[in-house]
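Asks: For reference, the chains in residue letters:
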Amino acid sequence: KQEVTQIPAALSVPEGENLVLNCSFTDSAIYNLQWFRQDPGKGLTSLLLIQSSQREQTSGRLNASLDKSSGRSTLYIAASQPGDSATYLCAVRHNYGQNFVFGPGTRLSVLP
Amino acid sequence: DTGVSQDPRHKITKRGQNVTFRCDPISEHNRLYWYRQTLGQGPEFLTYFQNEAQLEKSRLLSDRFSAERPKGSFSTLEIQRTEQGDSAMYLCASSAQGFTDEQYFGPGTRLTVT
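Those protein sequences? They're chains A and B, same order as listed.
In terms of the working numbering, the first sequence opens at residue 933 and continues consecutively.
In terms of the working numbering, the second sequence opens at residue 68 and continues consecutively.
These are calculated hints, taken from the structure and not from any lab test.
One should not assume that every hint holds.
[Claimed, not checked] Straight-line alpha carbon distances no greater than 27 Å define the calculated DSSO-like cross-link-like pairs of lysine-lysine that follow:
| hint | chain 1 | residue 1 | chain 2 | residue 2 |
| --- | --- | --- | --- | --- |
| 1 | A | Lys974 | B | Lys78 |
| 2 | A | Lys933 | B | Lys78 |
| 3 | B | Lys78 | B | Lys138 |
| 4 | B | Lys124 | B | Lys78 |
| 5 | A | Lys1000 | A | Lys933 |
| 6 | B | Lys81 | A | Lys974 |
| 7 | A | Lys933 | B | Lys81 |
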């Protein structure tokens, strides 16, 4: 059974810092991995999707990497802003199904 | 295209009542998913449709839960005889069958069972 964990559970940083969020998964037979952002009481916004054959994806200040063999992904946020404050979730889709298995999320606070 | 929409956004019901939620996916997406999210946790998969066929169901989807997608467009999720433990955010997502199969989520329906 696929299990996804995220470290840290919560993070508070001053504005302008670069930061890294970590995601680990137990079964490396994945199809893809997707990073989402969730604001309080809202739905999920897709940030980046990495296919199993890819090593990283970039969008603006965000960069996500994938090391399938070690079961890890990282989300790098450059020059953080207060508007980045949210919960960040990683989700893994395995090869033998359509659904995502989500991690519990990292709650990020960027202080002005 | 306005993205995935869900209705209602909030529902308060008394224990034992039945509730029904609706999800309208992105128009060209043939895959539709339901997830449940409790406070402080990541979403948990409930069920998945490809067109009108329900192809996967989680063990979380007890006999009191039923989902339909009658014409392969919108979907409904019904909970019968609600319990306090059903209180959660119910999220719908859709995707287009293809290489990336990227899932796009709606705003969710927050259910409170009193």
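Asks: Are the Cα atoms of A:Lys974 and B:Lys78 separated by 27 Å or less?
Replies: holds (15 Å)
Asks: Has the given pair, B:Lys78 with B:Lys138, been kept, meaning a C-alpha gap of at most 27 Å?
Replies: holds (25 Å)
Asks: Is B:Lys124 within 27 Å of B:Lys78, Cα to Cα?
Replies: holds (24 Å)
Asks: Keeping to a limit of 27 Å between CA atoms, is the pair of A:Lys933 and B:Lys81 held or broken?
Replies: violated (35 Å)
Asks: Taking only the CA atoms, is the gap from B:Lys81 to A:Lys974 under or equal to 27 Å?
Replies: holds (23 Å)
Asks: Sort out whether B:Lys78 lies within 27 Å of A:Lys933, counting only the CA atoms.
Replies: violated (33 Å)
Asks: For A:Lys1000 and A:Lys933, compute the direct alpha-carbon distance and say whether it is at most 27 Å.
Replies: Holds. A:Lys1000 to A:Lys933 sits at ~16 Å (cutoff 27 Å).
Hint violations for this structure: numbers 2, 7, all remaining hints satisfied.
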